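Colleague: Chains B and C: place on chain A using the hints.
Residue numbers (this note's numbering), protein chains in the order written: chain A, 44 to 437; chain B, 44 to 437; chain C, 44 to 437.
Hints listed in this document are in silico derivations from the structure and should not be mistaken for laboratory results.
Quantities reported herein were computed from a predicted structural model and do not represent experimental measurements.
Each hint should be verified, as a subset may be incorrect.
Identical chains share a label here; the pair holds if one copy fits it or two copies do between them.
[As the list claims (entries may be wrong)] In silico DSS-like cross-links for lysine-lysine, where the CA-CA straight-line distance does not exceed 27 Å:
| no. | residue 1 | residue 2 |
| --- | --- | --- |
| 1 | K222 | K405 |
| 2 | K405 | K231 |
| 3 | K109 | K345 |
| 4 | K317 | K293 |
| 5 | K293 | K405 |
| 6 | K317 | K109 |
| 7 | K317 | K231 |
Chain by chain, the residues run as shown.
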Amino acid sequence: MLVCTMLVFIMALGFACVEAGFTQAKNTVNILFKNSVDLSVGIISYAWFGFNLMYPGEFNGIFGFKEWGIQLPTDYTSLGYAGGAYTYWTDFLFQAMFAATCATIVSGAVAERIKITSYFIFTFFLVGLIYPVLGSWHWGGGWLSQMGFYDFAGSTVVHSVGGWAALAGIIAIGPRIGKYVNGKVVDKPGSSVPLAVIGVFLLWFGWFGFNGGSVLSADAESISLVLVTTTLAAAAGAIGGWVGGYILFKRYDLGMVLNGILAGLVGITAGADKMSPNEAILIGLFCGIIVVFSAVTMDKFKLDDCVGAVSVHLTCGIVGTLAVGVLGELASWSQFVTQLTGVAAYGAVAFSASLAIFYGLKFTVGVRVSEEHESEGLDSHEHGIRGYTITYDN
Amino acid sequence: MLVCTMLVFIMALGFACVEAGFTQAKNTVNILFKNSVDLSVGIISYAWFGFNLMYPGEFNGIFGFKEWGIQLPTDYTSLGYAGGAYTYWTDFLFQAMFAATCATIVSGAVAERIKITSYFIFTFFLVGLIYPVLGSWHWGGGWLSQMGFYDFAGSTVVHSVGGWAALAGIIAIGPRIGKYVNGKVVDKPGSSVPLAVIGVFLLWFGWFGFNGGSVLSADAESISLVLVTTTLAAAAGAIGGWVGGYILFKRYDLGMVLNGILAGLVGITAGADKMSPNEAILIGLFCGIIVVFSAVTMDKFKLDDCVGAVSVHLTCGIVGTLAVGVLGELASWSQFVTQLTGVAAYGAVAFSASLAIFYGLKFTVGVRVSEEHESEGLDSHEHGIRGYTITYDN
Amino acid sequence: MLVCTMLVFIMALGFACVEAGFTQAKNTVNILFKNSVDLSVGIISYAWFGFNLMYPGEFNGIFGFKEWGIQLPTDYTSLGYAGGAYTYWTDFLFQAMFAATCATIVSGAVAERIKITSYFIFTFFLVGLIYPVLGSWHWGGGWLSQMGFYDFAGSTVVHSVGGWAALAGIIAIGPRIGKYVNGKVVDKPGSSVPLAVIGVFLLWFGWFGFNGGSVLSADAESISLVLVTTTLAAAAGAIGGWVGGYILFKRYDLGMVLNGILAGLVGITAGADKMSPNEAILIGLFCGIIVVFSAVTMDKFKLDDCVGAVSVHLTCGIVGTLAVGVLGELASWSQFVTQLTGVAAYGAVAFSASLAIFYGLKFTVGVRVSEEHESEGLDSHEHGIRGYTITYDN
Numbered sequence: 044m045l046v047c048t049m050l051v052f053i054m055a056l057g058f059a060c061v062e063a064g065f066t067q068a069k070n071t072v073n074i075l076f077k078n079s080v081d082l083s084v085g086i087i088s089y090a091w092f093g094f095n096l097m098y099p100g101e102f103n104g105i106f107g108f109k110e111w112g113i114q115l116p117t118d119y120t121s122l123g124y125a126g127g128a129y130t131y132w133t134d135f136l137f138q139a140m141f142a143a144t145c146a147t148i149v150s151g152a153v154a155e156r157i158k159i160t161s162y163f164i165f166t167f168f169l170v171g172l173i174y175p176v177l178g179s180w181h182w183g184g185g186w187l188s189q190m191g192f193y194d195f196a197g198s199t200v201v202h203s204v205g206g207w208a209a210l211a212g213i214i215a216i217g218p219r220i221g222k223y224v225n226g227k228v229v230d231k232p233g234s235s236v237p238l239a240v241i242g243v244f245l246l247w248f249g250w251f252g253f254n255g256g257s258v259l260s261a262d263a264e265s266i267s268l269v270l271v272t273t274t275l276a277a278a279a280g281a282i283g284g285w286v287g288g289y290i291l292f293k294r295y296d297l298g299m300v301l302n303g304i305l306a307g308l309v310g311i312t313a314g315a316d317k318m319s320p321n322e323a324i325l326i327g328l329f330c331g332i333i334v335v336f337s338a339v340t341m342d343k344f345k346l347d348d349c350v351g352a353v354s355v356h357l358t359c360g361i362v363g364t365l366a367v368g369v370l371g372e373l374a375s376w377s378q379f380v381t382q383l384t385g386v387a388a389y390g391a392v393a394f395s396a397s398l399a400i401f402y403g404l405k406f407t408v409g410v411r412v413s414e415e416h417e418s419e420g421l422d423s424h425e426h427g428i429r430g431y432t433i434t435y436d437n
Numbered sequence: 044m045l046v047c048t049m050l051v052f053i054m055a056l057g058f059a060c061v062e063a064g065f066t067q068a069k070n071t072v073n074i075l076f077k078n079s080v081d082l083s084v085g086i087i088s089y090a091w092f093g094f095n096l097m098y099p100g101e102f103n104g105i106f107g108f109k110e111w112g113i114q115l116p117t118d119y120t121s122l123g124y125a126g127g128a129y130t131y132w133t134d135f136l137f138q139a140m141f142a143a144t145c146a147t148i149v150s151g152a153v154a155e156r157i158k159i160t161s162y163f164i165f166t167f168f169l170v171g172l173i174y175p176v177l178g179s180w181h182w183g184g185g186w187l188s189q190m191g192f193y194d195f196a197g198s199t200v201v202h203s204v205g206g207w208a209a210l211a212g213i214i215a216i217g218p219r220i221g222k223y224v225n226g227k228v229v230d231k232p233g234s235s236v237p238l239a240v241i242g243v244f245l246l247w248f249g250w251f252g253f254n255g256g257s258v259l260s261a262d263a264e265s266i267s268l269v270l271v272t273t274t275l276a277a278a279a280g281a282i283g284g285w286v287g288g289y290i291l292f293k294r295y296d297l298g299m300v301l302n303g304i305l306a307g308l309v310g311i312t313a314g315a316d317k318m319s320p321n322e323a324i325l326i327g328l329f330c331g332i333i334v335v336f337s338a339v340t341m342d343k344f345k346l347d348d349c350v351g352a353v354s355v356h357l358t359c360g361i362v363g364t365l366a367v368g369v370l371g372e373l374a375s376w377s378q379f380v381t382q383l384t385g386v387a388a389y390g391a392v393a394f395s396a397s398l399a400i401f402y403g404l405k406f407t408v409g410v411r412v413s414e415e416h417e418s419e420g421l422d423s424h425e426h427g428i429r430g431y432t433i434t435y436d437n
Numbered sequence: 044m045l046v047c048t049m050l051v052f053i054m055a056l057g058f059a060c061v062e063a064g065f066t067q068a069k070n071t072v073n074i075l076f077k078n079s080v081d082l083s084v085g086i087i088s089y090a091w092f093g094f095n096l097m098y099p100g101e102f103n104g105i106f107g108f109k110e111w112g113i114q115l116p117t118d119y120t121s122l123g124y125a126g127g128a129y130t131y132w133t134d135f136l137f138q139a140m141f142a143a144t145c146a147t148i149v150s151g152a153v154a155e156r157i158k159i160t161s162y163f164i165f166t167f168f169l170v171g172l173i174y175p176v177l178g179s180w181h182w183g184g185g186w187l188s189q190m191g192f193y194d195f196a197g198s199t200v201v202h203s204v205g206g207w208a209a210l211a212g213i214i215a216i217g218p219r220i221g222k223y224v225n226g227k228v229v230d231k232p233g234s235s236v237p238l239a240v241i242g243v244f245l246l247w248f249g250w251f252g253f254n255g256g257s258v259l260s261a262d263a264e265s266i267s268l269v270l271v272t273t274t275l276a277a278a279a280g281a282i283g284g285w286v287g288g289y290i291l292f293k294r295y296d297l298g299m300v301l302n303g304i305l306a307g308l309v310g311i312t313a314g315a316d317k318m319s320p321n322e323a324i325l326i327g328l329f330c331g332i333i334v335v336f337s338a339v340t341m342d343k344f345k346l347d348d349c350v351g352a353v354s355v356h357l358t359c360g361i362v363g364t365l366a367v368g369v370l371g372e373l374a375s376w377s378q379f380v381t382q383l384t385g386v387a388a389y390g391a392v393a394f395s396a397s398l399a400i401f402y403g404l405k406f407t408v409g410v411r412v413s414e415e416h417e418s419e420g421l422d423s424h425e426h427g428i429r430g431y432t433i434t435y436d437n
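Same shape as in the complex, but just chain A (with noise of 0.2 Å):
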């Protein structure tokens, strides 16, 4: 368990780093900005409350909250967790980097535009406020546990509320400048493929401690099936996003690729420990390919997503979820009504409340910087350096 939680610490790194490596050049350092404060926030607000909001004990199912702050030391043992396979403080650590992972999805969406006060009074919120709540419901013991929701990992729980707020964000603030012209999608290329790359290699790595460590014990038998069904869904993904960008596109295209990769895992995450190889590599496969059409949709309705998140954690969060319904140990029509009621409530809460927040903030302080910080690039304005200087003059 503490080595899986390190391991979702890197995907803090992972998420960083495909993001600052698919949006341009001259918004490098802000997007690293938000990335690296969020994180930050994240754990210090998730500590002070969002924990005791997420996991609440004895509550009516829907809203609870424990008590300020996490726990001494001393208290812990009176928590009784599952034959000591980790601590009340691992459990923490664990669920704040899972918070933060919500978080850093947002981020990437909205990139490139969004003013960045505003940008952490939403994170703000959503971590310390939407994501816990919403996670009650389900890991904290409420309502849509005891419906029989299931959800491994959070392909719904973490993803897809994830997902939702990156959509609201997406329509509250709008297209950059010069996305959409006249009829046409303009490419706006990212700073560096190699930043991307690393950062989706260091995403499947924390996957790894993501999927594995939610077996929440140390049985080798069962993280290390997790641990195949998760492999063989992000391999299968890349090959889905691979077939998927060639059919569209006529090209060998990185990108799908690696937005298959993650949709791969997205997909497989609330079902990691109820699936065969197959079904894995099935599960991998169609999210891959869908994850693909989704970014084609999203721009036909000039939904400007710079990195692709709605689609992979969004799109693939929902169908990974349903996919418990019908594939695996627990396939059956009523279980498959159970996951669509979650999936829908869900969706109903995190996109509402993301929405009724943005536009708070839209009417308010603003949410969008100034056109001319926009198309100059925030680097040079908010932050005073660039993100590359690579230069041989002296």
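Modeller: This is chains B and C only, laid out in the frame that chain A set:
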């Protein structure tokens, strides 16, 4: 074991970074695409048949096949793994990562001019057929293991097999345009030295899992000794590469230091559990120096290896395997002869099979891109994007 | 412990990335060369004598030496390590990584103008002699440990020792040409902010091993508490750096956020197992702010530290060590005095010994490259390649 498997995974990223760092910027996306898809195709084909070719159970010692696909969890208990130190699933995953490693060795060597379809066809044969069948000779309980051949974690089984395949590819495909002009070797600088450094350190990091996990138990004493020899060999390899590079080129050649690290790692891999600290240093130092001379010799024969893969993996794989007969616990004349037999047998089959496949491809679908594509770069033609877009114009 | 050792290794990559990211593109290869060779020379010299200088067994409390080299596996059982939680070999490897860490602190501070031979000679003395002898005073059972000095994982023993050495180097070598002109500080932008971010996050990741492993047992409760305090201090450090940077420069300074993270990590290291979550946050926040003011103060005295190493490792190393006497379980006036004694003793010896070596080098082989080399960059002169070759001309 699980942790080690995760670490071995990160080697895939390490290879991707080294190869992208050491090849030209106009082919960055291409090499990253190959490495990403490689891993995915490799894992899935290994799951479907590679694993059961490599570990066929009872067989004639040369070729055996157990069944299609990997097993469901209920079956694994009957397989009786080393007192529960790891599961069937962990074993599969660990071995699949090794197989994928073998494939990525080739991609760097033949980069910047190989046709992508031919490359994937070759990879499929290498990971799905050549590697597992050859692997079964030693690790699957085949004839070389019965003879007493010793290769702890794959100096020969993994690295030299990949190295032979790379050499066959280099011969079949020929050097890059403009690499050898009027008897001179023309330098083709890689896109990013920091990227290469990241790659080499991630490989070193992953090697802890590669060698540590090959102990195939959780015995802390054995694992920790193996990590010490691995680390000392890598460190000595760096110094060897430094010295070797300084002697030949009269400068502090970072490329040689990095290849020296990898050389030391490959060299110690065959006998990591049988060497004392000073023997590990000796092997690392020797490999670090020899890798420099090997690279220069390759160029003399106009064998154009973009990243030095043959010198690192083949030359040092052989040296390391033979070293088991010369130094450490097993050193003896008869062991040396056995080691030599194994090296020769693996070389004969891996090289001739690879050469046959590459020439088969050459005279059918072709192995090389057009001159125009090669000189303008593979990225713009096959992938439609650039690896780096670092510009501050609006 | 083994896992933690592996994580500490990745800190070497973290330092390399931070330093290459924060220094100018014309010196990228040079700094990467130094970091790669540093680690290798450090590990081997620590194996040959450093380890046995630091853990001499019975000794006079100030200086002792056990024997040359590390032991063979058969000897280790007699050493009786903490109920089998780790082996002699693990211990060596873990400590060797710490020693190498100490050396890399210096390389960033004096980058871009130090003569490479002088640098390696200094490193050899630091890792082989100064660090282990000073380390023996506390961790080897010497006089400071007998006095009750407390430094859990090395705020003083590792970080401030490296920081004092860095400060001595800065003084002996002098600022870069053109850094301070007419009383103004000239900005010398680093080559790649994403690279620096990768470095800082890898350091944070590695710090889990650094602090977690320093528990020197597999006790999940203690380790998980240490990881929580470590994480919270880093997060609070980021916020401290954000706020500090905003106050001084009126912009969102990512460099300060990154140095704030490292400052928080260095600060918590001395008392990571003795602090409550809120105390950890307080220490991190304070270090994050102080590091900004320390960096500005350094510049005021024309002490040119390319990456802010002295502010991070020395200033915050001292603050963190003293904090053990002020906050947490051990807080008391007498403990504070003991901490101050330790800080002063380490500072006096580490600084004066380093200064003596640097001045000794200055008046013999020289410590600084020629003006021409410095202004044209070390890469083209000493290494013959560029760090980045991002061009799309054929």
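Colleague: Between copies, within a copy, both or neither: which fits K317 and K109 at Cα up to 27 Å?
Modeller: Between. Shortest inter-copy distance 25 Å satisfies the 27 Å Cα cut-off; intra-copy 32 Å does not.
Colleague: Treating 27 Å as the Cα threshold, decide for K109 and K345: within, between, both or neither.
Modeller: neither (43 Å within a copy, 52 Å between copies)
Colleague: Cα distance capped at 27 Å. Does K293 pair with K405 within a copy, between copies, both, or neither?
Modeller: between (40 Å within a copy, 24 Å between copies)
Colleague: Under a CA distance limit of 27 Å, which applies to K405 and K231: within one copy, between copies, both, or neither?
Modeller: within (25 Å within a copy, 38 Å between copies)
Colleague: Between the shortest in-copy and the shortest cross-copy C-alpha distance, which are at most 27 Å for K317 and K231: within, between, both, or neither?
Modeller: Neither: 40 Å inside a chain and 50 Å across chains, both beyond 27 Å.
Colleague: My question is about K317 and K293: at a cut-off of 27 Å on alpha-carbon distance, are they close within one copy, between copies, both, or neither?
Modeller: Answer is neither: 36 Å inside a copy and 52 Å across each miss the 27 Å cutoff.
Colleague: Within a copy, between copies, both or neither: which one fits K222 and K405 at a CA-CA cutoff of 27 Å?
Modeller: within (21 Å within a copy, 43 Å between copies)
Hint compliance for this structure: hints 3, 4, 7 are broken, all remaining hints hold.
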